[in-house]
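Enquirer: Below, each chain spelled out in residue letters.
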Amino acid sequence: MTSDPCQLQLAPNGQLRHFLTTEGLSKELLEEILHTANSFLDPKGQLIQKVPLLRGKNVVNLFFENSTRTRSTFELAATRLSADILNLDIQRSATSKGETLMDTLWNLEAMHADMFVVRHADSGAAHFIAEQVTPNVAIINAGDGRHSHPTQAMLDMLTIQRHKGQIEGQVVAIVGDILHSRVARSQIHALKALGAAEVRVVGPATLLPKDIEALGAKAYYDFSLALRDCDVVIMLRLQKERMQNALLPSESEFFKLYGLTAEKLALAKPDAIVMHPGPINRGVEIESAVADGPQSVILKQVGYGIAVRMAVMAMAMSGQQTTQAGPEAP
Amino acid sequence: MKYLHIRNAHLIDPARSLDSLSDVYIAEGKLVAIGHKPPEGTIERTIEAGEQWLVPGFIDLSAYLNEPGYTQKGTIARDTQAAAEAGFTHICAQPHTRPIADSSAVIQLILDKSSVAGFARVLPLGALTQGLAGEQLSNMVSLRNAGCVALSNARFPIKDSYVLRRLMEYAATYNIRLFITPNDPALACDGVMHEGPISTRLGLAGIPETAETVALAQTLLLAEQTGARLHISQISCARSIDMLTEARNRGLNVTADVSLANLCFTDETVNGYNSRFHVEPPLRSEADRQALLAAVNRGELAICSNHRPHEIAAKKAPFAASEPGMSLYRHFLPLLLQLIQTDELDRNAAIQALTELPARALGLERGLCESHLFNATLINPSALPSEEQPDDLSSPNTSGQPGMATATFVDGFQVISSH
Amino acid sequence: MHLPDIDATCQALSNQLQTYLETYPHSNPMIIGIRTGGVWVAQHLINTLNLPEPLYSVDISFYRDDFNQKGLNPKVCGSELPESLENRHIILVDDVIMSGRTVRAAINELFDYGRPASITLACLLDVGQRELPIQPDVCGARLTLQPGQLIKLSGPEPMTLNVV
Chain B
1 MTSDPCQLQL
11 APNGQLRHFL
21 TTEGLSKELL
31 EEILHTANSF
41 LDPKGQLIQK
51 VPLLRGKNVV
61 NLFFENSTRT
71 RSTFELAATR
81 LSADILNLDI
91 QRSATSKGET
101 LMDTLWNLEA
111 MHADMFVVRH
121 ADSGAAHFIA
131 EQVTPNVAII
141 NAGDGRHSHP
151 TQAMLDMLTI
161 QRHKGQIEGQ
171 VVAIVGDILH
181 SRVARSQIHA
191 LKALGAAEVR
201 VVGPATLLPK
211 DIEALGAKAY
221 YDFSLALRDC
231 DVVIMLRLQK
241 ERMQNALLPS
251 ESEFFKLYGL
261 TAEKLALAKP
271 DAIVMHPGPI
281 NRGVEIESAV
291 ADGPQSVILK
301 QVGYGIAVRM
311 AVMAMAMSGQ
321 QTTQAGPEAP
Chain R
1 MKYLHIRNAH
11 LIDPARSLDS
21 LSDVYIAEGK
31 LVAIGHKPPE
41 GTIERTIEAG
51 EQWLVPGFID
61 LSAYLNEPGY
71 TQKGTIARDT
81 QAAAEAGFTH
91 ICAQPHTRPI
101 ADSSAVIQLI
111 LDKSSVAGFA
121 RVLPLGALTQ
131 GLAGEQLSNM
141 VSLRNAGCVA
151 LSNARFPIKD
161 SYVLRRLMEY
171 AATYNIRLFI
181 TPNDPALACD
191 GVMHEGPIST
201 RLGLAGIPET
211 AETVALAQTL
221 LLAEQTGARL
231 HISQISCARS
241 IDMLTEARNR
251 GLNVTADVSL
261 ANLCFTDETV
271 NGYNSRFHVE
281 PPLRSEADRQ
291 ALLAAVNRGE
301 LAICSNHRPH
311 EIAAKKAPFA
321 ASEPGMSLYR
331 HFLPLLLQLI
341 QTDELDRNAA
351 IQALTELPAR
361 ALGLERGLCE
371 SHLFNATLIN
381 PSALPSEEQP
391 DDLSSPNTSG
401 QPGMATATFV
411 DGFQVISSH
Chain H
1 MHLPDIDATC
11 QALSNQLQTY
21 LETYPHSNPM
31 IIGIRTGGVW
41 VAQHLINTLN
51 LPEPLYSVDI
61 SFYRDDFNQK
71 GLNPKVCGSE
81 LPESLENRHI
91 ILVDDVIMSG
101 RTVRAAINEL
111 FDYGRPASIT
121 LACLLDVGQR
131 ELPIQPDVCG
141 ARLTLQPGQL
151 IKLSGPEPMT
161 LNVV
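Chains as they are written, first to last, in this note's numbering: chain B, 1 to 330; chain R, 1 to 419; chain H, 1 to 164.
Hints are computed from structural coordinates only; laboratory data are not their basis.
All values derive from a computational prediction rather than experimental measurement.
Ideal Cβ positions, reconstructed from N, Cα and C, are used throughout, including at glycine.
Hints may contain errors.
In silico contact screen, one side only, chain B against chain R (beta carbon under 10 Å); selected entries [unchecked claim]:
{"no.": "1", "residue": "Asp4"}
{"no.": "2", "residue": "Ala205"}
{"no.": "3", "residue": "Pro209"}
Derived BS3-like pairs (lysine-lysine); straight-line CA-CA distance at most 30 Å [to be verified]:
{"no.": "4", "chain 1": "B", "residue 1": "Lys192", "chain 2": "H", "residue 2": "Lys152"}
{"no.": "5", "chain 1": "H", "residue 1": "Lys70", "chain 2": "H", "residue 2": "Lys152"}
{"no.": "6", "chain 1": "B", "residue 1": "Lys218", "chain 2": "B", "residue 2": "Lys192"}
{"no.": "7", "chain 1": "H", "residue 1": "Lys75", "chain 2": "B", "residue 2": "Lys50"}
{"no.": "8", "chain 1": "B", "residue 1": "Lys27", "chain 2": "B", "residue 2": "Lys240"}
{"no.": "9", "chain 1": "B", "residue 1": "Lys300", "chain 2": "H", "residue 2": "Lys152"}
{"no.": "10", "chain 1": "B", "residue 1": "Lys269", "chain 2": "B", "residue 2": "Lys210"}
{"no.": "11", "chain 1": "B", "residue 1": "Lys27", "chain 2": "B", "residue 2": "Lys164"}
{"no.": "12", "chain 1": "B", "residue 1": "Lys164", "chain 2": "H", "residue 2": "Lys75"}
{"no.": "13", "chain 1": "B", "residue 1": "Lys164", "chain 2": "B", "residue 2": "Lys192"}
{"no.": "14", "chain 1": "B", "residue 1": "Lys210", "chain 2": "B", "residue 2": "Lys50"}
{"no.": "15", "chain 1": "H", "residue 1": "Lys152", "chain 2": "B", "residue 2": "Lys164"}
{"no.": "16", "chain 1": "B", "residue 1": "Lys44", "chain 2": "B", "residue 2": "Lys240"}
{"no.": "17", "chain 1": "B", "residue 1": "Lys44", "chain 2": "H", "residue 2": "Lys75"}
{"no.": "18", "chain 1": "B", "residue 1": "Lys27", "chain 2": "B", "residue 2": "Lys218"}
{"no.": "19", "chain 1": "B", "residue 1": "Lys264", "chain 2": "B", "residue 2": "Lys192"}
{"no.": "20", "chain 1": "B", "residue 1": "Lys27", "chain 2": "B", "residue 2": "Lys44"}
{"no.": "21", "chain 1": "B", "residue 1": "Lys50", "chain 2": "B", "residue 2": "Lys27"}
{"no.": "22", "chain 1": "B", "residue 1": "Lys27", "chain 2": "H", "residue 2": "Lys75"}
{"no.": "23", "chain 1": "H", "residue 1": "Lys70", "chain 2": "B", "residue 2": "Lys50"}
{"no.": "24", "chain 1": "R", "residue 1": "Lys2", "chain 2": "R", "residue 2": "Lys30"}
{"no.": "25", "chain 1": "R", "residue 1": "Lys159", "chain 2": "B", "residue 2": "Lys240"}
{"no.": "26", "chain 1": "B", "residue 1": "Lys44", "chain 2": "B", "residue 2": "Lys210"}
{"no.": "27", "chain 1": "B", "residue 1": "Lys240", "chain 2": "B", "residue 2": "Lys256"}
{"no.": "28", "chain 1": "B", "residue 1": "Lys300", "chain 2": "B", "residue 2": "Lys192"}
{"no.": "29", "chain 1": "B", "residue 1": "Lys210", "chain 2": "B", "residue 2": "Lys256"}
Negatives, chain R to chain B, calculated, CB over 10 Å [what the hints assert, rightly or not]:
{"no.": "30", "residue": "Arg45"}
{"no.": "31", "residue": "Gln72"}
{"no.": "32", "residue": "Ser104"}
{"no.": "33", "residue": "Ala117"}
{"no.": "34", "residue": "Lys159"}
{"no.": "35", "residue": "Tyr162"}
{"no.": "36", "residue": "Leu204"}
{"no.": "37", "residue": "Leu384"}
{"no.": "38", "residue": "Gln414"}
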């Protein structure tokens, strides 16, 4: 029977053996990911030098959806762990010929990969692959449809931890297209598990799913109201298509209502930080003065992203190894 | 006269207030007597019913058979046999085939295959529009003359309300029955499951309730305007029930059915991206399920199987990429009996919903009546289906649940017998 | 079994290291402790020998050779090393040397930071049972364990030895 993705990613001893979603992970495990990521950074927040931890391991990037940014950070992460990495540009080859996902996976069996990093347009695709591939191959979800982008969420958590001290007790606002955002969903799960005081999602009704409060977030239509007492403001990228599909009238109206300007930011706490998963649309979600301003940590997020990806790759590979080696815990 | 004698069966026919242990005698395809053997004639064969239920044979208002064109998913022979083993004597086949069932040639092909197979009889549903493209009227009268009991849109969209009105007016002219699935494609958009907290959490596009209720409102009002003979196929929302009641109160003669899956399961089953539960209409909330059960119990709603099997490759994919449909025949009786066992469904209401109500929607007779063609099924509610069915990934799991038909009679012929 | 007195052993190690440094005068030696026990011993050496350089540490979690058997240490801390070890004289300190694999991992890690001029190995305890040809240059005490026994140093204050 089909299993729960939250449980499928855990080995019997509780270690991570895939990284599919932040949902269902304990506070302890999420903190372990952050701790491990921090060990790849020096006190200044720079990546430490390359380590031989995953030497001899084969990592394959399976990107069914185009993304040079995310793919290259995974490549960098694998390289810094001394793993061998192969990039498969699947979207251009097999599936355009009508090959099903199952067929593509059969063909990949021969590669003897130790890990697949997967990005796919269908929600649940990473979970599907984790269920179907031979055991012992770790699956890292680099984004599946609208469901989950767990490494992005964890690098956002690391950013908050490094710049605010901890996630516990923080008031966090996530602003923009929540409806289509896998990043937002993953962030909400992680923030709640790590003890954020309040998670606010902000946008017009067309972009806020009706049942988002069931995930533990509070919906706000009024950006100014949502910013009061806010410690962390996360701006989401707005895609141009949203203006075409009867979801938003124009970029200018969106900017007026939900764009982060210096004036709006002043409504939040004076030491609030500004984040964005990137790439930013200047003048649509955020004005340049804020993106480049003193409260913005946007540029730091990229480096943290590599450290987080190194951490989950190391932990998932470790979980796979120890599950095969036997019940004896390290 | 040579009789088939069924001894000591529990006859249940709520429409005729039959609910007792009795014997029946069948000859020349007809039910000749209930109770005592008629004086003339001899008994040729006896079936020891052992208090098994003898009920009128079920009529299925919707099944997706896969011939012609999709034989990797199933064949008429296999599915009509499975239907008969689930207690169905007659099944309405949707016109979604390849080629689409919009010509008398395809209808004839389907009827021939059904007859050669010799299990449950297929009652073809013809396509409401040419190619099911939703724009042009199909040859409705020819289709009816070829043997279609009604015309269906098989959940394919109809271009707009203007076309729907004209379809209804034309059909009404010749008193042709319409089976319409209410679904507004614009509101349903690219949805693959019920729009609710689970679709939000799983990140799957949702089909809001209004996709059904808005289309239903349109369909009911146009039926009122045109006088079309309307049957609403496979509702899934509580709100739809209220709308049907209101329409009936205004004098509209409209019937409706619900798929057994919507009485048994909710959107919770999709958790884990389980493509077995990717179906159309979608499985909705528990509140919807309860309202649908209540409507069946009040005698307002027929039950259909909406059987729609798939090959493994169609289901072994991420949820949105899998094909919608559930293979239900082999699991129909276990699921139905469980609902009755747990008192969610009233036994008599359930039987009526599978016999009398579908018959009414089709203008047929159905019942355990003397001198009628014998269409009936003998059900053992405690027998466990013996064979392990190979898992095709489009079935729900009913292992360990009892319920099987040990004999089914279609128009007087016994097509299923098992021990 | 009779465990050696910690303070006496530390003193012995300290004395030996002092002698060693007088015999082989290295310019500007730096002390690097292997986490975690080696760091406590190294701190002690810095205090008693009044060495000018601060304490550095190396965490070998990413350089171990048993990833396939034991996976990743969930409590990895990270190393604290200067940017370059090029041409430096290093005194590498560990609490207990047994198979020699920990020291092998530490040396590999140090070489990723540059080419040291020399590495001198100082261990508080040597319990034998080598699996690699690695020996301490200075050692506080030698000990023989029963098969299956392991010895652990706890600390930092007070440092105590336990057999498990």
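Enquirer: Evaluate each hint against the coordinates.
Expert: Hints and how they fare:
1. Asp4: Because about 5 Å separates B/Asp4 from the closest Cβ in chain R, which is inside the 10 Å limit, the hint holds.
2. Ala205: This hint is violated: B/Ala205 lies away from chain R, its Cβ roughly 13 Å from the closest one there, beyond 10 Å.
3. Pro209: Given a least distance of 4 Å, the restraint on B/Pro209 holds.
4. B/Lys192 x H/Lys152: Given pair B/Lys192, H/Lys152 is violated - Cα atoms ~39 Å apart, limit 30 Å.
5. H/Lys70 x H/Lys152: 19 Å, holds
6. B/Lys218 x B/Lys192: At roughly 12 Å apart (the allowed maximum being 30 Å), B/Lys192 and B/Lys218 satisfy the hint.
7. H/Lys75 x B/Lys50: Since the Cα atoms of H/Lys75 and B/Lys50 sit roughly 19 Å apart, the hinted pair holds (cutoff 30 Å).
8. B/Lys27 x B/Lys240: 36 Å, violated
9. B/Lys300 x H/Lys152: 40 Å, violated
10. B/Lys269 x B/Lys210: 28 Å, holds
11. B/Lys27 x B/Lys164: 18 Å, holds
12. B/Lys164 x H/Lys75: Holds, because 22 Å separates the two Cα atoms, which is no more than 30 Å.
13. B/Lys164 x B/Lys192: 16 Å, holds
14. B/Lys210 x B/Lys50: 45 Å, violated
15. H/Lys152 x B/Lys164: 37 Å, violated
16. B/Lys44 x B/Lys240: Not OK: B/Lys44 and B/Lys240 at ~36 Å, beyond 30 Å, violated.
17. B/Lys44 x H/Lys75: Satisfied, since the Cα-Cα distance of roughly 20 Å is no more than 30 Å.
18. B/Lys27 x B/Lys218: 21 Å, holds
19. B/Lys264 x B/Lys192: 25 Å, holds
20. B/Lys27 x B/Lys44: Holds, because 26 Å separates the two Cα atoms, which is no more than 30 Å.
21. B/Lys50 x B/Lys27: Judged against 30 Å, a Cα distance of about 28 Å means the pair holds.
22. B/Lys27 x H/Lys75: Since the Cα atoms of B/Lys27 and H/Lys75 sit roughly 15 Å apart, the hinted pair holds (cutoff 30 Å).
23. H/Lys70 x B/Lys50: 21 Å, holds
24. R/Lys2 x R/Lys30: The hint holds at about 12 Å.
25. R/Lys159 x B/Lys240: 29 Å, holds
26. B/Lys44 x B/Lys210: 42 Å, violated
27. B/Lys240 x B/Lys256: Between B/Lys240 and B/Lys256 the Cα gap is close to 16 Å, so the pair holds against 30 Å.
28. B/Lys300 x B/Lys192: Holds: B/Lys300 and B/Lys192 sit about 23 Å apart, inside 30 Å.
29. B/Lys210 x B/Lys256: 23 Å, holds
30. Arg45: 43 Å, holds
31. Gln72: Since the minimum Cβ distance to chain B is about 13 Å, R/Gln72 lies beyond 10 Å and the statement holds.
32. Ser104: 34 Å, holds
33. Ala117: Answer for R/Ala117: holds, closest chain B Cβ roughly 31 Å.
34. Lys159: 20 Å, holds
35. Tyr162: Given that every Cβ of chain B is farther than 10 Å from that of R/Tyr162, nearest at about 23 Å, it holds.
36. Leu204: Check fails; 5 Å does not lie beyond 10 Å.
37. Leu384: 20 Å, holds
38. Gln414: 37 Å, holds
Comparing the model with each numbered hint stated earlier shows that hints 2, 4, 8, 9, 14, 15, 16, 26, 36 do not hold.
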